Amino acid sequence: MRIASRGLPLLVAALAIAYPFLVPNYYLVYAGALTVMYAAMATSWNLLGGFTGYVSLGHSAFFGLGAYGTGLLVVRAGVPWVVALLASALLVTVFAVVVGIAAVRVRGASFVIVSIALVSMMNLVVQGWRSLTGGSTGLQVPSPFPGLHRGQTHMVFFYLFLALLAIALASWWYVSRSRFGAGLRAIREDEDKAESLGVPTGAYKVTAFALSALFVALAGGLYAVWFGSLDPIFVFSILIGSYMVLMSLLGGVRHLFGPLLGALIVAPAGEYFLIALGETQIHLTATGLVLVLVVLFMPDGILARFTRRRAGPSIPDETAEQRLQGVAP
Amino acid sequence: MSLLLQGLALGVLTGGLYALLASGLSLYFGVMRVVMVAHPAFLFLGAYLTYTVHTVFGLDPFLALPVTVPLFFVLGVAVQRLLIARLAPENLAMMSVLLTFGIALTIEGLLGTFYTGSYKSVSMDYATRSLTIAGVHLPYDKIIAFWVAAITLIVLFAVLVKSRFGQSLRATIQHREAARLVGIHTERVAGYGFGVGLATAAVGGTVLALITPFFPASHWVWIGKLMAIIVVGGLGSVIGAALAAVLLGVVEGLVLVTVDATWATMMFYVFLFLTLLARPQGFFGGRLAHRF
Numbered sequence: 001m002r003i004a005s006r007g008l009p010l011l012v013a014a015l016a017i018a019y020p021f022l023v024p025n026y027y028l029v030y031a032g033a034l035t036v037m038y039a040a041m042a043t044s045w046n047l048l049g050g051f052t053g054y055v056s057l058g059h060s061a062f063f064g065l066g067a068y069g070t071g072l073l074v075v076r077a078g079v080p081w082v083v084a085l086l087a088s089a090l091l092v093t094v095f096a097v098v099v100g101i102a103a104v105r106v107r108g109a110s111f112v113i114v115s116i117a118l119v120s121m122m123n124l125v126v127q128g129w130r131s132l133t134g135g136s137t138g139l140q141v142p143s144p145f146p147g148l149h150r151g152q153t154h155m156v157f158f159y160l161f162l163a164l165l166a167i168a169l170a171s172w173w174y175v176s177r178s179r180f181g182a183g184l185r186a187i188r189e190d191e192d193k194a195e196s197l198g199v200p201t202g203a204y205k206v207t208a209f210a211l212s213a214l215f216v217a218l219a220g221g222l223y224a225v226w227f228g229s230l231d232p233i234f235v236f237s238i239l240i241g242s243y244m245v246l247m248s249l250l251g252g253v254r255h256l257f258g259p260l261l262g263a264l265i266v267a268p269a270g271e272y273f274l275i276a277l278g279e280t281q282i283h284l285t286a287t288g289l290v291l292v293l294v295v296l297f298m299p300d301g302i303l304a305r306f307t308r309r310r311a312g313p314s315i316p317d318e319t320a321e322q323r324l325q326g327v328a329p
Numbered sequence: 330m331s332l333l334l335q336g337l338a339l340g341v342l343t344g345g346l347y348a349l350l351a352s353g354l355s356l357y358f359g360v361m362r363v364v365m366v367a368h369p370a371f372l373f374l375g376a377y378l379t380y381t382v383h384t385v386f387g388l389d390p391f392l393a394l395p396v397t398v399p400l401f402f403v404l405g406v407a408v409q410r411l412l413i414a415r416l417a418p419e420n421l422a423m424m425s426v427l428l429t430f431g432i433a434l435t436i437e438g439l440l441g442t443f444y445t446g447s448y449k450s451v452s453m454d455y456a457t458r459s460l461t462i463a464g465v466h467l468p469y470d471k472i473i474a475f476w477v478a479a480i481t482l483i484v485l486f487a488v489l490v491k492s493r494f495g496q497s498l499r500a501t502i503q504h505r506e507a508a509r510l511v512g513i514h515t516e517r518v519a520g521y522g523f524g525v526g527l528a529t530a531a532v533g534g535t536v537l538a539l540i541t542p543f544f545p546a547s548h549w550v551w552i553g554k555l556m557a558i559i560v561v562g563g564l565g566s567v568i569g570a571a572l573a574a575v576l577l578g579v580v581e582g583l584v585l586v587t588v589d590a591t592w593a594t595m596m597f598y599v600f601l602f603l604t605l606l607a608r609p610q611g612f613f614g615g616r617l618a619h620r621f
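Here the protein sequences line up with chains A and B, keeping their order. All residue numbers for the first sequence refer to the numbering used here, where the first residue is 1 and numbers rise by one. All residue numbers for the second sequence refer to the numbering used here, where the first residue is 330 and numbers rise by one.
Think of the hints as simulated: they come from the structure by calculation, not from any bench. These numbers come from a predicted model, not from an experiment. Each hint should be verified, as a subset may be incorrect.
Pairwise CB distance ranges, derived in the manner of DEER restraints [what the hints assert, rightly or not]:
1) A:Leu-132 x B:Phe-494: 36 to 44 Å
2) A:Val-98 x B:Ile-568: 30 to 38 Å
3) A:Ile-233 x B:Ile-472: 31 to 39 Å
4) A:Gly-78 x B:Leu-603: 36 to 44 Å
Quick look at which bits of chain A chain B covers, simulated, 3 or more residues with Cβ under 8 Å [what the hints assert, rightly or not]:
5) 95-107
6) 294-302
Glycine included, C-beta positions come from ideal geometry on N, C-alpha and C.
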C-alpha cells in the first residue's frame, strides 16, 4: 500500500512528462494540454471548495479576468507576455480579496448566488466596455512564439500547464498540512464553533478565496496567449466554472489528487462528445446529468471509495463486537 | 421628465413580472431551504412549450396554460420527492444548488437539441401595439404580462393564506418540526410546495414567450436577476421578493432610459452586493432568512 501510494504519483508524473512524445498527433497534444489546464483549475478550485466547503460556481470569473488581463496588457500596453501574465494574475488576486471580503460574509446558498452573480457581472462589464475589450467580437492576442508552428505551441503550453498543475498540487498539499489548512477544515465542519475556538474565519476564508483565484487566473492568462483569441461569452461562461466543480466532486474534494482524477475523466469525455456529436447542445445535457448523478450517488467522489479514511467521524460508530471482529485474526 | 415617467411606468410593469418569476424561488427556499437554480431553465422550457403550442396548433399562447401548469406542478413534486429529498441534510444548501444546476444544464441542452440555438419568439397582433397616456407609451404585451403576473400572484397569496393546504405550507415554512408535531405531513407538503413553485414557472414562461425573444441559454441572465431579487428581498420571504422585484424593476427601467442596457442589468448585481454588505439577511426577510 505504501509503495503504491508513493510510486503511483511518480509513475503518473513520468507518464505526463512523456505524454507529448507518446501520442501520434498534435491534436492529442492539444487535448492533453486542455485536460491539464482543467486539472490545474479544478485543483485550484479545490483550495477553496475542498477545504472550506464553500462551493463557488463562479470561478470562471477569475479565469476570464486572468485571460483578459493578460491579453489586454499584451495588446494594448505592449508588455511582454510573461510579465503580463504575472501582473494580471496579481491584479486578479487583489480583486479576489476585495470581492472575497463581501462574498464570504454569507454562507451556503447565498455564497453560491454571489459566485454566479460575479460571472454574469464580469461578462456584462467585458461585453459592455467595447472600446477597451473589443466587446462581444472578442480580443485577438498575438502568439508568444511566432517561430513555432501550431503543434509545437501546443507542446510548449502542455508543459506550462503541467508546471502550473504541479504548483497548484504542491500548494494544496502544503496547505493541507498547515495550521491554516486545519483552520479551513474547521470552518467546513462547523464555522461557528471554529470561530469561537479562535480561528480567524474571515481572514482564512478570504485568503483561501484569493489563493484559489490566483491559480485560476494564471490558467486563464496562459489560455489567452495559447489560444490567441478571447470570446467573452466563452471565458466568462458558467459552464467553465461548473466543470471545475464537477471534476473536483467526481474525483473527491477531500483528496489531493481528486480534482486531477476528475479532470482526467471529464475533460477527455467533453472533447470526445464534441467530436462524436459535433456542435450540438447535447453535451450540456450530458454534463448536467453526470453532475446530478454525482451529487445524488457519489458526493464524496471516486477516491473516497478507495481510501480507508471515510468522510464521517474519525472514531467510527460501531459496537464492541464489531471492533472485536476487526482485530480478531 | 416624460422620459423618466416612461422608465418608471415600464419599470413597474416589468417589476410585476419579476415578482411572479421570483415567487417560485421564494417558495422553494421557504419549504426546503433550497436555492433552485433550475427555475429559470424551467421558465424557458415553459416558453418553448408555449411556442410549440402556438406554432404547431396555431393557438393563443395562453391556451397552453391548461397543459403546462398541471404538467409543471407534477414535475415540481417529482423534482422534490425523487431528487432533492434524497440529499443528505447536513450539506443540503450546497448540494441542492449543484443538483438543480445539473438539472438546468440538462434542460438547456435538451432545448438546444430540439429547438436549435437560434432565437424564437411568439408574436400576437394584440401584443405589438401600445397604449399612450400623457406621452408615456405602454406596450400592450407589457400590460398583459403585468396583469397576468398580478392575477397569478393574487391567486397564489389567496391559496397560501386561505386554504388548508396554504396553512400547512406556511406552517412547514415557519417551523418544520412543530408542523410535524401538529400532524402535518411536512414531506408531502414540501413536495406540493415545489409543485406550486414550478407551476408559477409555467405561467411565467408563457408570459416571457409573449414579451421577449428567447434562446436556450437565455436562462443564465435570469438566474442572476432573480437571485438578486430574492437576496435583496430576503431569502424565503414571498412578500419581500415581490417588493424587491418591483423596486429593482423600477431601478432597471430608470437606468435603462437614462444610461444604457448594460448598466440597467448591472443594477441587479450592484443591489445584490450592497444588500450583502449592509444587510445580509435581506431588506424584507425576517427571522427565516437569518444565516443563510
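Against the structure, the hints:
no., hint, result
1, A:Leu-132 x B:Phe-494: 36 to 44 Å, "violated, 54 Å"
2, A:Val-98 x B:Ile-568: 30 to 38 Å, "holds, 33 Å"
3, A:Ile-233 x B:Ile-472: 31 to 39 Å, "holds, 33 Å"
4, A:Gly-78 x B:Leu-603: 36 to 44 Å, "holds, 38 Å"
5, 95-107, "holds (count 5)"
6, 294-302, "holds (count 3)"
Of the numbered hints given earlier, the model fails hint 1 alone.
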